[in-house]
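A.B. asks: Residue numbers (the numbering used here), protein chains in the order written: chain A, 19 to 372; chain B, 55 to 399.
Hints should not be assumed to be uniformly reliable.
[Stated by the list, open to error] Using 25 Å as the maximum straight-line C-alpha spacing, the simulated DSS-like pairs for lysine-lysine come out as follows:
1. B:Lys102 with B:Lys152
2. A:Lys186 with B:Lys360
3. B:Lys348 with A:Lys177
4. B:Lys345 with A:Lys68
5. A:Lys177 with B:Lys360
6. B:Lys360 with A:Lys70
Read the hints as simulated data drawn from the structure, not as lab findings. As the structure is a computational prediction, the values presented were derived from the model and not from experiment.
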Amino acid sequence: MTTTSAMTPQPVPPKVPATENLLEVTDLRTYFFTRQGVVKAVDGVDFALKPKETLAIVGESGCGKSITALSLLRLIPVPPGRIISGSIKLDGVDLLGLGEEEMRRIRGNDISMIFQEPMTSLNPVMTIGRQIAEVLLLHQGMSTKEAYARAVEMLRIVKIPEPEQRVKEYPHQLSGGMRQRAMIAIALACNPKVLIADEPTTALDVTIQAQILNLIVELQERLGTAVVLITHDLGVVAETAQRVIVMYAGRKVEEADVGELFARPMHPYTRGLMASIPRLDLMRGEEKEGVERLQEIPGIVPALSALPPGCAFAPRCPHADDRCHAEYPPYEQKRSGHWAACWRSDELFGGVNA
Amino acid sequence: MHDGAESGVTPGTANGAADSSPRHNRAPALEVRDLKKHFAVKKGLLQKTIGHVYAVDGVSFTIREGETLGLVGESGCGKSTVGRAILRLVEPTSGSIKIEGEEITGLSKQELRPYRREMQIIFQDPFSSLDPRMSAGDIVGEPLKVHGIGNAAERRERVAELFARVGLRQAQMDSFPHQFSGGQRQRIGIARALALNPKLIIGDEPVSALDVSIQAQVINLLMDLQQERGLGYLFISHNLAVVEHISHYIAVMYLGRIVEYADKRTLFTSPRHPYTEALLSAVPVPDPSIKRNKIVLDGDVPSPMKPPSGCHFHTRCPIAQERCKIESPVLRDVGNGQKVSCHFR
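Let's have the full structure, built from the sequences with the hints guiding it.
C.D. replies: What follows is the structure, encoded as structure tokens:
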């Protein structure tokens, strides 16, 4: 493999014919207008999602990954926030052009979301059954009886034991893992086309995390749902996603298929992230002499209201030169299906072969 | 039911994987024997005790200078209570805790003071463990003040040294906690823990609240400090990747008891207890080229108020048999310093 692909001029992603895509996000910009100035939480993000696909959006706190997710459902608090430009097309319909009433018919029906902390997103004074039935009554026009029957079925699908009993219980009576299952049951009750999962397992223990991730993958295959997985955990990404977007300071810095991204990261930030996590070498059958130091990314994520003029990562980047500090690098295709925004990636990592 | 009493875990240097040549001639920095902490659950007008939470139910281990013991387990397994009981932030129900060979259970507050200097704790949440109305310099200097060390000028000098060591600027000594980022706040917590030159630091999920790029900075700092000062660490965490990186020995807890203990290499390459196996297989590995067969456990961790009979793990164990429901397995040595509490492994 050579670096020639990086030379070929390419149009803006997405890279696949539009007809194949279930969800197409183009040039999404969500800004917050605060007293401290304009916070560009999401600044020109594009991506496309195919049916049944899992797209992971990775980044650290404040990189804009959660705001991207909330923007898809138009759940940005206005004011101070506003989606100032872009389009979000679901099956060709631009969600940003819909009225609030029409948008309500989309939420929970065509696009659903599950959150990190199930206790704060479930209603504590409503039974689990009623919370599942509610979406069905609203979107599917079922009778109360049908809706409750379906609620029991949904609990069975998400593998909650004794669903007939659990359907009458309140969120506080369930364990953390059970609550997350109940959330998934609510989210999938209407068989949505897209499920947005914002750190769905971050608050859970590892054995429960494994259960929930398994469940999401299994239901995805069974129901054909496409998933946008928002996470900071590269392990979860490696095991669940097909395509990955890495965000930093409100923008995409890299994007590729999961195997390609982990094998040949092209952006210094992605490389830094991968080097800074302990890799479980022993479990991977690699043994090193002595204890290695983790690679650090020096400094901290810049405040979104005071971004540097050039590349946002330049102040922390070991490879940054004058151009990096002065000009934001273009987001270009470096290899087939592998995009990154870095001035120096060709020269630094371009020739890397797997 | 409370077995495991004589399960004394004394890590030798057997297997030598993580041998950091501990000083054998001296008493270990920390020795815990059969530690128990039961919380009474009270109810009603008369606060009648209706049951007990068996948070820690007979735990033993040893940490030598310059060594790290990683204590892993899921929420509610009692790992944080172990840390707190050692510092006597919660009063242990029974058991023995020795700091450099000296028994500290049963000591009065006054008598405990000199030992408190030897052991410090770093908490998970750097946002809630620092007093928002104290300057960073005062926070770090407070342990010195409490223990009556030096005059104001000497203390300030020592604080400045500590700031430099943990990678904070001295100009920041007069700033307040809210003016620092999460990683910097954790550095303040570390500087405070170091102020009295302790022998032992208990880290209760010290990097769990931090972003990964910042996590690496703090882990490296902790490891450097250990090398420099021969600190013993009890590193409590649910993150197995971090534990693998930082620990020499690892103890796995489930519902108040240690179910497996081994040096790092043995535990990660040849785990014996079915719970350890499941825990390891559940950790997502950040490498898509590796496809593993996961052991996914059914169900949740049972309530520590009503722990299952026999082996606590039998309700979720893939190899459980009739015997496991009745008879509680003893943590026994299976060679090379590895200890397992399972009838069949």
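A.B. asks: Identify every previously stated hint that the structure contradicts and give their numbers, smallest first.
C.D. replies: As far as the earlier hints go, 1, 6 are violated by this structure, in ascending order.
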